[in-house]
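Visitor: Residues per chain are reported as follows:
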Amino acid sequence: MTQATVVKLKKKDFESDQEVRWCPGCGDYAILAAIQRTMPELGIPREKLVFVSGIGCSSRFPYYMNTYGFHTIHGRAPAFATGIKCANPELSVWQITGDGDGLSIGGNHLLHVLRRNPDINILLFNNRIYGLTKGQYSPTSEKGKITKSTPYGSIDQPVNPLKFAIASGATFVARTMDADIKHMMQTFKAAAAHKGVAFIEIMQNCPIFNDGAWKGFTAKKERPERVLYLEHGKPMLWGKKKNRGLVLDGFDFRERSWEEGDEVPSDVLVHDAQAEKSSLAYLMTEIEHPLPVGVFRAVQKPTYEQEMLAQIETAKQKIGHSDLGRLYREGANTWTVAPKD
Amino acid sequence: MSSSLTADRVVIRFAGDSGDGMQLTGSQFTNTSAIIGNDVSTFPDFPAEIRAPAGTLPGVSGFQIQFGSVDIHTPGDAPDVLVAMNPAALKVNLGDLPRGATIVVNEDAFTETNLKKAGYEQNPLEDDSLQGFRLIKLPITTLTRTALEEVDLDTGSKDRCKNFFALGLMYWLYERPLEPTLAWLEQKFAKKPVLVEANARALKAGHAYAETVELFQGHCRVAPASHLPAGEYRQVTGNEATALGLTTACKQLGLPLFYGSYPITPASDLLHFLSRYKNFDVKTFQAEDEIAAVCAAIGASYAGNVGITGTSGPGVALKSEAIGLAVMVELPLVVVNVQRAGPSTGMPTKTEQADLLQALWGRNGESPVAVLAPATPADCFPMAIEAVRLAVEHMAPVMLLSDGYLANGAEPWRIPAESELPELTVRFARADGSPFEGYRHDPETLARPWAVPGTPGLEHRVGGLEKWDVTGNISYDPQNHQRMCELRAAKIARMRVPDQEVEGDPEGELLVVSWGGTYGAVLSAVEQLRREDGRRVGLAHLRYLNPFPKNLGEVLGKFERVLVPELNLGQLDTLLRARFLVETIGYPKIQGRPFKVAELVAKMREVLA
Chain A
1 MTQATVVKLK
11 KKDFESDQEV
21 RWCPGCGDYA
31 ILAAIQRTMP
41 ELGIPREKLV
51 FVSGIGCSSR
61 FPYYMNTYGF
71 HTIHGRAPAF
81 ATGIKCANPE
91 LSVWQITGDG
101 DGLSIGGNHL
111 LHVLRRNPDI
121 NILLFNNRIY
131 GLTKGQYSPT
141 SEKGKITKST
151 PYGSIDQPVN
161 PLKFAIASGA
171 TFVARTMDAD
181 IKHMMQTFKA
191 AAAHKGVAFI
201 EIMQNCPIFN
211 DGAWKGFTAK
221 KERPERVLYL
231 EHGKPMLWGK
241 KKNRGLVLDG
251 FDFRERSWEE
261 GDEVPSDVLV
271 HDAQAEKSSL
281 AYLMTEIEHP
291 LPVGVFRAVQ
301 KPTYEQEMLA
311 QIETAKQKIG
321 HSDLGRLYRE
331 GANTWTVAPK
341 D
Chain B
1 MSSSLTADRV
11 VIRFAGDSGD
21 GMQLTGSQFT
31 NTSAIIGNDV
41 STFPDFPAEI
51 RAPAGTLPGV
61 SGFQIQFGSV
71 DIHTPGDAPD
81 VLVAMNPAAL
91 KVNLGDLPRG
101 ATIVVNEDAF
111 TETNLKKAGY
121 EQNPLEDDSL
131 QGFRLIKLPI
141 TTLTRTALEE
151 VDLDTGSKDR
161 CKNFFALGLM
171 YWLYERPLEP
181 TLAWLEQKFA
191 KKPVLVEANA
201 RALKAGHAYA
211 ETVELFQGHC
221 RVAPASHLPA
231 GEYRQVTGNE
241 ATALGLTTAC
251 KQLGLPLFYG
261 SYPITPASDL
271 LHFLSRYKNF
281 DVKTFQAEDE
291 IAAVCAAIGA
301 SYAGNVGITG
311 TSGPGVALKS
321 EAIGLAVMVE
331 LPLVVVNVQR
341 AGPSTGMPTK
351 TEQADLLQAL
361 WGRNGESPVA
371 VLAPATPADC
381 FPMAIEAVRL
391 AVEHMAPVML
401 LSDGYLANGA
411 EPWRIPAESE
421 LPELTVRFAR
431 ADGSPFEGYR
441 HDPETLARPW
451 AVPGTPGLEH
461 RVGGLEKWDV
471 TGNISYDPQN
481 HQRMCELRAA
491 KIARMRVPDQ
501 EVEGDPEGEL
511 LVVSWGGTYG
521 AVLSAVEQLR
531 REDGRRVGLA
541 HLRYLNPFPK
551 NLGEVLGKFE
561 RVLVPELNLG
571 QLDTLLRARF
581 LVETIGYPKI
591 QGRPFKVAEL
601 VAKMREVLA
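Chains as they are written, first to last, in my numbering: chain A, 1 to 341; chain B, 1 to 609.
No wet-lab data here; the hints were simulated from the structure. Backbone N, C-alpha and C fix where the C-beta goes; we use that ideal spot for every residue, glycine too. Wrong hints could be hidden among the right ones.
If you want a taste of the chain B side facing chain A, the calculated C-beta under 8 angstroms gives, among others [said to hold, decoys possible]:
| # | residue |
| --- | --- |
| 1 | ALA34 |
| 2 | GLY218 |
| 3 | LEU228 |
| 4 | TYR233 |
| 5 | ARG234 |
| 6 | THR248 |
| 7 | ILE291 |
| 8 | ASN305 |
| 9 | TYR439 |
| 10 | GLU459 |
| 11 | VAL462 |
| 12 | LEU556 |
| 13 | GLY557 |
Okay, chain B solo, but in the shape it has when bound:
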């Protein structure tokens, strides 16, 4: 008989070859966990190569999920369980495992050839190198083949079901129901019933095997989370939430969305999702390059649609001249930068936050744009709406700084009712008989009139040459140029953004200031430090980078020390020092990976020591 343990949170990492279906396995586990009420957070980590040579270290694909009955902010620092489908997956991930972690391996894959490919001189399953871990060796390939004996499929296809056997094991261990995955299979392979049967059998076989041979000491129970507000939920990735947010904003404005984009990791999914939303008057344009993508979006904005472009850092570099034009002609434009590790091509599938200063200053001339950054995958939804709101309200470009971690990571999202969505309005200029002044700015928002072609009586010319204030005619006047540069800067600076909130202590010994996708890890660390060390620590996580919240200086002044952790070499840190003359302590990490909570806790303890 097996007993039952309970845990408030568990971290599992599924790892295998790129072709082993680890992303799928991980997302099924996530889905099921979310459905039964756990809070979840995920971190897919895959190679850039579409199919790196099988069995090699660069070919390893991983998917980590943390699920729990408590508030989950991150995918977890270190796995409690590693499922390794081959020697390469074991080798790549072993270093992340704490002593005592459980390792489930497919021992069938530990052949001489595979061991060699992974660079193992001897089989780690047979020496004592895995001492200190709870090693569970299973011939997963053989067991899957046996389970599928009666299924009419070739061996290769049967072997591709082994990830579902592994999933079945994990479902047993953590008491997850099989039904959501079985239902998903029915839908996914509706036209290939034999694959439904094969994968379902593999899943059930894994589940039954765990039960029968008492593989684990017992079930581990992770109760449903109780902190989530009531409502209907789904899980979203950051890219999904961004696409939904952009679409929602344009629906609320009553304007078509024009999305110009050129495929680039990790932003391509935005184009994929939006191209499916055509029934919302979403026009997607896969341009010939990054430049054409943004230029077409600006053209669409000029003609009265909401022009949006999405890309990653290298694409933003290419778009920079056109973004400058949008600044000059004062048209709404949203640029989504799903940041990745740079410089240059860098590490396309790895996350980083090193484009902040590019967003602020990466153009010729004084070329201010608003810069926003979502904090979590689900937060991409409201922040995408904010980006559209500010762009339209102020007739200005807005950069939304997502990142690879947010884009591909997932978490539960409470589906909003339409009544909860912000109301957005737009006012196009109309002729009133007086001569049209294309650059007369609204005294409050500093927006110029949005006078779209097709409107009688407002025929006018815009362009990249400096404009006379009010008339919009070309001007080389020195005083006018200074006035216009200051006006464009003031337009961004004056944007109404919410005041900065501080989580934890509102004043005290240490303020942690962070931005973007590091939120979950930083929040977890701050919570841990306050809980375990009783120190007075606050967290100011910025979602508005330009303009900064109006009270930020005041917030910074309420703490003895300011720590700025970020996934770059100190960009926000530099900004805070320059803007507020505050003595900050930078904590840069630039490894293509998110922060671990433990790293942050250690750093904060060091700073407080």
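Chain A with its partners taken away, still in its complex shape:
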């Protein structure tokens, strides 16, 4: 046991000596604080934590964590994280990405890391804009958005990060928001507890290039009427009085409301994050009013690194460990040249 595993750590222990350089009012500050507050609660020693990022505003994140950190290249963080996890499965690996890094240049890698299911936590900061390059539209920008590169409005259809994650076979899929630190921490803890890939979309504001990115949802006073907090095993309710619920109507959802104090109608859906099939979770990603947040899906599957190591162990048992002499001769015809007289 190392000393670090015994000592109880605090938020401050996870703050690096680097000055944080995001714009004033950036949602990333709140996310950083939520992570730094979550870490002590996980009980993982600092040296076992690795933060891996690509390129973009959010990808500066590792520099601010007093853990191991790797700021890599644009879009490729999933591959680095996979290599790290395979090299040392004991590490707790957190990948920080954004809507551009994760879904544009890195879309392919995101697909593959999600389907392979290594035990990596992926935090996608979604501010629906390119910030570091100063204000071009991103793959999650709404159609028609006016930006520096789309003076006549974007003609791209946006991608829905959760839909992408569920369709890719992710075993843990959640959504949270920069404005709700408690919910973020709760979601991060759930992701850390999940064995396998965990994908979290964090709705994040960019006060400089896309202020109000999530206007109408994230403000504290708006949330009760606009946001549905998902809880596994609980009915899907929202509203100040929790008297509105979701019911399934064919392949769509309908709202049902009732008098305060009445029983929740029996046809209101009960959230099942552990459902074997992902179909309902997938449908739920299309709901915009109320916007569901929380854990959409959390199912168990063997992790990539477990399977990789299991094959190595099997091979060692079957063939024996590391006999070079045997390796050199395996499957080859050998012959001997006798010493000359």
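Given the coordinates of chain A, work out where chain B should sit on it, guided by the hints.
Guide: Then chain B, alone, in the frame of chain A:
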């Protein structure tokens, strides 16, 4: 009665349709020849199409072997014997045959349809177009069918045994034993005894046929080679030797090997071989693309494994940004580039050496990496070990430039005893109480500490942004950037690599400077020129391209002329001129094919004239 001739070396080319099993036939002949003690060198030459339309010219697959009682450096310039299983195989290969060569053809395949597919207007077996060759026409298909009459197989399956009939003919001609191939069949088709029987019968029938009908003037005896050092041997291809070398190096380091790769010709075999070596803590990762393959390897190195990626030129192009990151974060990384003919997709199954300058400079910014190149298939083993050694010793990326010719060609390899293997060591950083300095460089190797996640007290951040020397913090300081660029360059330049050896004359009229897979041909040519012309010629064959051996400038200065043959348009030539201000004579060849010894000899004579 047949008489016996002797030869010190013979070149055979087996050629047929992609589906005719020519690669298999060739490798069986090679195996048997190696087992009886000949030196061998092979050159498989196959189309990119998995199954090009049967009988057509693009569908022709060939396998050339040179075997001898003397030191064999190449698969040979021109075949003494061509075995052509159909008209297309004859047409494609005829141009390479010297007058007087023997041609064995399967005349059953010379049907009107096949002749048409091969573009023959009339049957070359029936006009006088093959005059000057020793033509041996045999109905190989019919003879095979007859031999397999009692075997319970359909005709199609029987016909697929005809390559073993042809092999049997060659075994008789060159007095090879049938046993190694018979044993191989037993093993290969252990679960299908009927195929063992069918192929064995075909092989024996071919052998017996040659004997009975006195097909050839007699046996040709090629004695065992006497120059090979004592020891136990096997044959290896370059890709096999590379995979074995990488695995050996990591075993010697005591570290797991992480191999990230995306399938690409002609490098895929590295992934295939390494994926079987799991019991050596080899982790193979077939990534979603070339970029992910190298990034995962760098991630693995960061976490304390030896990260390796393998590919060919187009893959290196895709990996270049990530290789730059490895330069910046100063982590060990080995990139194996099994070069093929480019640019772009080029000619994927054909060999070339045109990625040298890409290896050196094909990245943004000042991004130096070490570059090594094995000289022969077996040399891939020690050079793969060298690549790992330098990467780990100096915390830097190393590019290993193999090529298609080395990768698929084979030669005997003396199996090393474990005691002969180099000892490699690695030292991970440990906390010592003082603040950790992630970019404090070792004064000798210029390596920074390898501080792997999981080590208490060394938590630190790395990334692609420029670093302050010593601390590793982000820096935009102008002086620091220059210092760091120079440091990364010096790290490669200072690597300890062996001095350049010169074969042949140590000084004189002509120095031939070559690199990579051309070694065998160039050496043969230099030997021939010295033997036949008595000229003072030396050969400096480079295995270290970056850094160059420290004495290279001195070596270049000892000769009146410098000739640089290479399979590109003059890349090493350009480098030598730039680095040493030396007047060189380039000899570029860029045809997707290796040098022929005769071409090199002719060029050297021209230069010396």
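Visitor: Looking at the structure, which of the earlier hints fail to hold?
Guide: 2, 9, 12 and 13
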